[in-house]
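Protein sequences appear in the order of chains A and B.
Quick note on my numbering: the first sequence kicks off at 104 and runs consecutively.
Quick note on my numbering: the second sequence kicks off at 164 and runs consecutively.
These aren't lab readings, by the way, just hints derived from the structure by calculation.
Because the structure is a prediction, the values reported are computed rather than measured.
For each residue, glycine too, the CB sits at the ideal point set by N, CA and C.
Incorrect hints may appear among the rest.
[Stated by the list, open to error] To be clear about the criterion: a stretch of chain A counts as covered by chain B if any three or more of its residues have a C-beta under 8 Å from a C-beta of chain B, and this derived list gives those stretches: (1) 112-119; (2) 130-140.
[Unchecked claim] Below, a list of computed lysine-lysine pairs in the DSSO-like style, where the Cα atoms sit at most 30 Å apart: (3) K173/A <-> K216/B; (4) K207/A <-> K129/A; (5) K220/B <-> K207/A; (6) K173/A <-> K129/A; (7) K233/B <-> K220/B; (8) K129/A <-> K172/A; (9) K233/B <-> K129/A; (10) K207/A <-> K174/B; (11) K216/B <-> K174/B; (12) K216/B <-> K233/B; (13) K220/B <-> K174/B; (14) K174/B <-> K233/B.
[What the hints assert, rightly or not] Listed next, the stretches of chain B that the computed footprint assigns to chain A, with coverage defined by at least 3 CB atoms under 8 Å from CB atoms of chain A: (15) 173-187; (16) 197-205; (17) 251-259; (18) 263-269.
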Amino acid sequence: SQQGEEDPQALSIQEGENATMNCSYKTSINNLQWYRQNSGRGLVHLILIRSNEREKHSGRLRVTLDTSKKSSSLLITASRAADTASYFCATDNTGANSKLTFGKGITLSVRP
Amino acid sequence: DAGITQSPRHKVTETGTPVTLRCHQTENHRYMYWYRQDPGHGLRLIHYSYGVKDTDKGEVSDGYSVSRSKTEDFLLTLESATSSQTSVYFCAISGQGDGYTFGSGTRLTVV
């Protein structure tokens, strides 16, 4: 069953605008990760935030994690047409072995 | 992607035939995973391995088996392919608690 649920399912913005994507999950986690997938390609790891962290930055990406609300958000600032892709959140749940559970993804379209 | 390759990239097979997909890594990572991706379902875990000869089931393991006889190779076998197993299959690798590196995927069509 899906652990993470992303919101919205689809997002269309103008180049230069910021894109905010949200993810909610149900059980305790070790970490939460965001991935990008371009059409017809494999997933690419963007950023990982651990359960004891609240915010993390990587270039134009900013991720927040609120474990009390079991939610995370991914902010892409100053979006570019090349950011057009599907974005997935994935949770690494507490347990002996690392394994990720993915949400269904968000389709982001950035209009030039 | 660097350090991980999947083969074949595309395959068409007939219902009832066995199929084996291969994942090969050069990163010496402990963990290897097989996921399938279907429209409306995102990625779902089929099986994973946490070491040589150590494997476990994921959420959609029925109809699939895996083997890992050496660190670098993780094989996924469909014993008797069905149309419901038409999908894109992704292999991934990771260290403990790290981000995953995904392969480019295998597009499998069962006719």
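Comparing the hints with the structure gives:
1. 112-119: With 0 residues in contact (Cβ-Cβ under 8 Å with chain B), the coverage given for the region 112-119 of chain A is violated.
2. 130-140: With 4 residues closer than 8 Å to chain B, the region 130-140 of chain A meets the three-residue bar; holds.
3. K173/A <-> K216/B: Given pair K173/A, K216/B is violated - Cα atoms ~35 Å apart, limit 30 Å.
4. K207/A <-> K129/A: This hinted pair holds, its Cα atoms lying about 15 Å apart.
5. K220/B <-> K207/A: The given pair, whose Cα atoms are some 20 Å apart, holds under the 30 Å limit.
6. K173/A <-> K129/A: Holds - the C-alpha atoms of K129/A and K173/A are around 7 Å apart, at most 30 Å.
7. K233/B <-> K220/B: 19 Å, holds
8. K129/A <-> K172/A: This hinted pair holds, its Cα atoms lying about 9 Å apart.
9. K233/B <-> K129/A: 35 Å, violated
10. K207/A <-> K174/B: The hint holds at about 25 Å.
11. K216/B <-> K174/B: OK: K216/B and K174/B at ~27 Å, within 30 Å.
12. K216/B <-> K233/B: OK: K216/B and K233/B at ~8 Å, within 30 Å.
13. K220/B <-> K174/B: 24 Å, holds
14. K174/B <-> K233/B: Holds - the C-alpha atoms of K233/B and K174/B are around 25 Å apart, at most 30 Å.
15. 173-187: violated (count 0)
16. 197-205: holds (count 4)
17. 251-259: holds (count 4)
18. 263-269: holds (count 6)
The earlier numbered hints that this structure contradicts are 1, 3, 9 and 15.
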